[in-house]
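**Q** Given the structure of chain A, go ahead and fit chain B onto it with the hints provided.
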Amino acid sequence: MRESDVIVIGSGFAGLIAAAAADKRGKKVTVLSKGVGTLTIGGGTIDLLGYGNDGRPLANPAAGLAAIEPAHPYKKIGSPAIYAAIKFFLAICESAGYPYLGRLEEMKWIPTAAGTLKPTCLVPKTMDTTCLKSAHTVYAAGFQGLKDYYPHLVAKNLSKLPGYDKNYEIVMVNPHFTDGRDVSALDVARWLDTGTGRKECIRQLVKKVKAGAVILMPPVLGTSPDYQVLEEMETALDCRLVETVAIPPSVTGFRLRSMMLNYLKTAGVRIIEQVSVARAIMEKGKCLGVVTQNIDRERTYYAKNFILANGGFYGGGLRAEPGQAIEPIFNLPVEAPAKQEEWGNRQLFSPEKQSFAKIGITVDNKMRPLAPNGSIAIENIFIAGRNLRGYDFCFEKSGNGVALASGYQAAMSV
Amino acid sequence: MECKTKGSSVTSFQGRGNSVEKATVVVIGGGATGVGILRDLAMRGVDVLLLEQRDLVYGSSSRYHGLLHSGGRYAVKDAAAGKECIEENTILRKIGKHCVEATEGFFIRLPEDDKAFEEKWVEGCRKVGIPAIPISPEEAWRLEPNLTRRIQSVYRVPDAAIDGFRMAWQNVASARRYGGRVRTYTEVIGIEQSNNQVVGVTVRNFFTGEVEKIACDFVVSAAGSWAGEIAGLAGIKVHVQPDRGTLLAFNHRLSSRIINRLRPASDGDIFVPHGSITILGTTSSPAESPEDNLPSTQEVLAMMKIGEATFENLGQYRLLRAFTGTRPLYSADPSAKGRGASRNFVILDHEKDNVKGFASIVGGKFTTYRLMAEKMSDLVCRQLKVTAPCRTAEEPLVEDPSPGLLEKARHYFPAYGTELAASRLGAERLEKVVQSMEQDPEKRQLVCECENITLAEVEAAAQDSTSHCLSDVRRKTRLGMGTCQGAFCTFRSVGVADSQNLTWGQDTNKLLQEFLQGRWNGIRPILWGNTLREAELTRGIYAGMLNINGVIDNEGK
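These protein sequence lines are chains A and B, in that order. Going left to right, the first sequence walks through residues 767 to 1180 as the numbering used here numbers them. Going left to right, the second sequence walks through residues 40 to 596 as the numbering used here numbers them.
With the rest of the complex left out, here is chain A (with noise of 0.2 Å):
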C-alpha cells in the first residue's frame, strides 16, 4: 500500500499553494485533480481584501486585516501566518522566473475590462500601473475579432476616474484570424507566444503610437508565466503596457496555474489529473483513504492527513439542495441558513455580503473542520479556499487570497 503523507483533494488555487507548503516541509505529497479550477477563469491576481463590511474600500489590505470578524477565515488564520503565505508564493514566482509585485500594505487599484478599477495586492508585471500616474497618453490597444474586450468601453470610463484623466487613443491590432471565427484573450495570447505573432502586433503598433506612452492592453501578453512577450514589446514600441483584468478565459489566471504546475512537478508532487473523489474510507473518526472514479475504474488512494481544497459550489466541493448545503465527500458539517429565502438578497450588487457566498464549512485556526458543537469533526482533514465559511469573496475582493492564506495555512498543519 503506497502511502502519502499528504493528500490534497483539488487543483485549484488553494491546493496549489497548499500542495507547494507540504512538499517545502518535507512531506510526501500527492494532490487529486477533478479539473482545472477557477484560476483560468478568475484571473491571476491575489486580491486579499478591498473592502470593509460597510463596502468602503480600504486604505489597505493589512488595515482591514487588523479589524476582520471572527467567523472569518483570514482571522482563523492569523497575521503572521498571511504574511508568510505571501512571502512564500512571491517567492515561487521570484523562482520560476515570473516575480509578482505588491506586499500587504499596499493596495492596488488596477483596471479592468469594463473601464473601472478594482482593488488588488499581487499582481504580475503586466498589470504593473505605476506607468499609468506619470502618463499623458495613454492608447486603449484592441484586437479585431476579439469578442470580449471593446478598448473603446476601457478609454470612455477610465477616462472620468480621478487620476485616470489622460488623452486616450484607441488603437486596434489585426491579428488576421479567419473571418467570422469567434476569437478569445487566449488566441490572441497563443499568437503572440509566437515570434512571427509578436513581430506583426509589434509592426502594426509601432506605426500608430508614440514612443514614452502606456498601452492598455487585453490580457494577451503570452500563455507561459515568463514577461518574454512584455519585455521584447516594451523594448521594441518603447511603451509601457499594463494589462486590464476581463471576462474569462482568463490568460492571466492560466500562466499562474501553469507556474504552479511547473514548479510542483519540479519539486517531484504527484499530481493525478481527472479523478473525481467519490467517498472516503473512515475509521474510528480518521480518513484512512479516498476512492477516486475515473472512467474506467476505481482506486483508493491512502494518506496521513488531507487537505480538502475542491472548491464551493462553483468548484463542486459544495452542493446546495433547497435549504440546505452539503459536503459531499466527508458529509462535513456545512453551515447554511435554513431559510432559503435568506440565501440570496434583494439585489444581486447589494451593499450588504450575500449569505450564499459565506455558506461554507466551519474550521478553527489550523484548519480543522469543526462540528457545530465545536469539536473537530474529522481530525485528519484540513479545509482550504472556497468552501470555507464566512467570507464573500466578490464583496470584498478577496479572491485567490483567502485560498493562498488558507492553502498556505492548512500545509502548515499537517
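Because the hints were derived from the structure by calculation, they are not lab data. Keep in mind it's a predicted model, so treat the numbers as computed, not measured. There may be inaccurate statements among the hints.
Derived lysine-lysine pairs resembling DSSO-like cross-links, with alpha carbons at most 30 Å apart [stated by the list, open to error]: (1) LYS1124/A x LYS549/B; (2) LYS1105/A x LYS344/B; (3) LYS891/A x LYS922/A.
**A** Frame of chain A, contents of chain B only:
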C-alpha cells in the same frame, strides 16, 4: 422615435397648438391584446397609436407559460371559452407560424385524478369540437419517455407553444406596415375629456418624466392588470383583480409535447416545451398589485412537488429561473377570486359610464388575443364609422423569408441559427441583418451563444427606436435568456451598446447592473444546484473581477 401624424379629425383638444401629437385612436397597453388591436385597426386604415408604460409585453403577456390552448383546459367548466380557444388556435397557427411551435399536447390522468372528470372532459371536448384522441399509456411512454409510469389514460390534443415576445413584435411589425405607431416607456397619466367626450391623453416619459398631451378621438384601454387604474383616470370603476401566477423555466426539454393533467384546472400542472427549455406553471394567489411579480421559493417548491407527479425525476433538471405574472381577472362581481373568476373577456363601452370615446377590454387570455382585438376594433370602427372588415385572421403577421435569402443567411449563421433568426426577425429585418453580416465579417460573431444571436442582430435590435435598455434588446432577441442567463452576453451587449453611441448606452456600469438584476430576480428564489453555480460565476465575473459596483477610492490613486 416616429412621431409623424396622419390626418386626424381631432379639433377640440386644448393642447400646445400644432406641436401636439395626434392619432385617431390611442391604445393603452402593449400586451398581446393591445398590439392585436393596433394591428387590427391599422389594417382597417385607422390612424392608431399604441402607448406602453414600459416595453412591449412588460406585463402578463410575457409572464405566462406560452401555451396556445387547444381549449381542452376549458372544455368542462367553460365551453364557450374552449370553443374560442380551438378556433383561435387554428387561426394563429396559420397567421403566426413563426411564433408557434406546433408541439401538440397530452392530457394525462393519474390515479389520484377523478375518473368521472375524464368522462365529462371527453364529452366537453366533443361538444366544443376539440379533437381529443385517446392513446394507450404505452404509446404515450414511447412518445414521451420521461412521463410517469402511473398514467391511467392519455389524450392527444392540438395544443401548441407560442412565443409571447415574438408574437408582440411581429404584430407591431405588421401594424407598422399599415401606418400603426408604437411608443414605449410612455405612461398614460390622464384621460382628457371635453363635454364627456374623450379628446386625448396626457402621458409621461418613463425616463425623463417629461409630460405631454396626445390628441385623439377614441381611447382603448387594453392595460390588462392595470385596466382598473386606467379607467380610474376617467373616474370610472372597473374591477380588475390581479392574480399572481408563478412559473418555472427548466433548462431542458422534458418532453416534446405539452403535458396537461386531466383534472380541474389546478396549480403547477402544465408543462410547455419551448425550443430547448420547458416552462412549468402555474400558481394562483391574489396579487397585491399588478407589479407584485417577484417569485417566492415557497411557490417554487410547491410547484416542483406537484410537477413531480408528472415527471418523477423533475428535481434532477436544472432550473433556469422562476418568474411571476399577474392574471388580469375581471369580475362584475368583485367577490369572485383566483381560478373561480371567469377567464372570458369583456368589452366595456364607457359611454354607459357617461364618457364617450373610451372603452376597456378586460379579462381573457393570450390564446384569444386576436379575437379580443377583433371585437374591440369592431366597436371602435362602428363608432368611427369605419366600414373596413377585420382581416387579421387571414394575413400572416410577417412574410416568410424567400428561399434565396435563407440560402444566403446560411453562409453567415451558425448551424441551426438561420432558422431561429429567420423566425425571430421575419423577412424584412432578416434581410437587413444578413446584409450587415455580409459586409462586415465581425458582425457574424455570436454575442449570445446560448440563443445563437449574432452581433448584427443585437446591433439592429439596439438601434430600434423602441429600445431604451438592454432588457428591451433581450425581449427582441432572447439575449441572456438561455443557459448562462447573461453571464457572458451581458458584458458583450454592453460593449455593443457602447460602440453604437446610443443615447441610452452611456452609463455602462448601470446597464450591466440593471440587466443582471433582472436576471437575478428570477434566480434568487431558486439558488441551489447548478443555478447557484451559475450565479457564483456571474457574480464572480461582474463583482469579483470587473468590480462594476464597488466604490473606487480617490486616495488610492
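**Q** Hint by hint, say whether it matches the structure.
**A** Consistency of the hints with the structure:
1. Simply put, LYS1124/A and LYS549/B have alpha-carbon atoms about 26 Å apart, close enough for the 30 Å limit, and the pair holds.
2. Our distance criterion of 30 Å between C-alpha atoms is met by LYS1105/A and LYS344/B, whose separation comes to about 18 Å.
3. With a C-alpha separation of about 24 Å, the suggested pairing of LYS891/A with LYS922/A holds against the 30 Å cut-off.
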